[in-house]
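Residue numbers (the working numbering), protein chains in the order written: chain A, 1 to 339; chain B, 1001 to 1057.
These aren't lab readings, by the way, just hints derived from the structure by calculation.
Glycine included, every Cβ here is placed at the ideal spot set by N, Cα and C.
Some hints here could point you the wrong way.
Said to hold, decoys possible - Heads up, simulated EDC-like pairs for lysine to aspartate or glutamate below, C-alpha to C-alpha not over 20 Å straight-line: (1) K1037/B / E211/A; (2) K318/A / E81/A; (3) K283/A / D110/A; (4) K117/A / E319/A; (5) K318/A / E34/A; (6) K1037/B / E34/A.
Stated by the list, open to error - Quick list of the computed label-pair ranges, beta carbon to beta carbon: (7) V284/A / I1008/B: 22 to 32 Å; (8) L261/A / L1049/B: 36 to 46 Å; (9) V221/A / L1035/B: 22 to 32 Å; (10) R290/A / V1057/B: 44 to 54 Å; (11) V1057/B / I74/A: 46 to 56 Å; (12) Y149/A / V1046/B: 55 to 65 Å; (13) L1035/B / W217/A: 39 to 49 Å.
Claimed, not checked - Among chain B residues calculated to face chain A with C-beta under 10 Å, some are: (14) W1032; (15) V1036; (16) I1040; (17) S1041.
So the chains spell out like this:
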Amino acid sequence: MEPKLTREITPGSVGECCLIPTPPNWMKRFVGYEYITAQAAARRSQNVLGAMACLAGGAQLHTRANLEAIGGQIDTSSLAEDTFTTFKTQLAGNRVVFDGNATVWAEEPDNIDGLWKQRLRWGRGNVQVSFRYKHMWFRPSPDHGLGSYSSGLFWFCLFLLPIFKIVASASLVALFFIDFPLSWAAFKMLWITNAIGYIFITSFTLMIDPETARNTWREAVTFPGLISLAIIHYTLFPRFFKWALLEVLELVHIPASGPVLRSIILFIYFWLAASMLAAWAAKVVESRRRLRWLSPPLVYISGYGPLLCAIMFTSYIKEARGAEMTWDKTEKTGKVAMP
Amino acid sequence: MSADHLLIRLADGRTAGEVHDEEVAADQRLEWGLLVKEIISICIVVAVLVVRHLWFV
C-alpha cells in the first residue's frame, strides 16, 4: 500500500482502497474502466448515502473492535465474504467508509474465462447475500443505512439488471406485435434514458480518474457494445442516423422496404436481451483454439456490460441449482509491476 | 493515531502529522474537484439534448 494510508482510520470504521490495474490488454482496460465506475464513483455515492454495499476484500482495513463485534472471524460460509463483512460491520452499528484517495495494487483477470470465474463467484455471493438478509431490505432502521430505500434500490437495480434487460426486450417485442406505435414510443423513451445515463456516466467516470481514462477511453465508449452504441446514436440523432442507414442499405443493394425496416426494428428490440447471449458466445469461442481471435471483437460488439449481465444471470442459475460452492480464485500471474 | 505518532520524523524531514495534514488537504481538494466534474457532465448531457432537439430530430 502506498504511504497515503498513514491517515487515521476512525474507530469502528473500515477503510477501503480503490484498485486501478495497469491496463496492458483489452480485458484489463475494460476492468480498469469498470473499477472507476464501480469503486471510485459508486462507493463515494454510497459513502454519502450512509450504506455501503461492499468493500473489496483485498483492500479492507478493520479495527480490532469491529472484528470482535462481527464474531471474531471472517464469515467464509458464502462466496462473498467481503460483502458479508461489510454488511455485518454496518449491522453491528459501526461505520464503513470508502477512501477514494488511497491506492491498492491488484492483479485482475486478462481474459473472459478468468473474468467469468471471478464474477460468477461474486454474483453467486450476491445471490446468497440477497437471501441471507431478506428481512433487512427496504426496512429502514435507525442503527444502519442498509435497510433504507435508496440502499435497496442501489442493490437490486444492479442485482436484477439481467432480469430487467430480458423483461424490457420481451415487453418491446410483445408490443411490436400488439401495438407497434406504442412499442416505438416505449423504445424511444427507454433508449433516450439509456443515452442520458450513458453520456453522464461515461463523461463523469473518465474525468474522475484522468490517468486511467487515458488508457481506457476506448473501452469506456464501447462499454455497452458497438450495437447498443449505434442504437444510442440513433436515439440521440435520429435524422442523421436514418440518412446513414438508408445510404448503407443502398450501398449493399438492400431495398429500404417495410419488411427490411421492421426486421431491423425487431432486432433492436431483441438486442437488450440478445446482447447477453452474444457476450456469452464470446466466452464460448475463447475456449476454442481456432476461434479464440473472435472473442475480443465479440465483446466489443456485444459489450462488456452485457458480458457482466450474462455472468450475473448464470449465477442465478447456478444458485437455483444449488451448484457446489467452489472458490475459483482469480489466477495471479505476477505480471503487474509497480511504477 | 496518538500525538506521539504524529511527531515521528520521516525520511524527507517532514513529520507524520505534516504529511497527514497535507494528504487530507489534497484529498479534500480532489473531492471538491469531483463536484465540479459532476456539474460538467450534467452540462454535457444538457448540451447533447439541446443539439439533438435543435438539429437532429
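Point to revise | Hints violated by the structure (listed by number, smallest first) | key: 5, 7, 8, 12, 13 and 14
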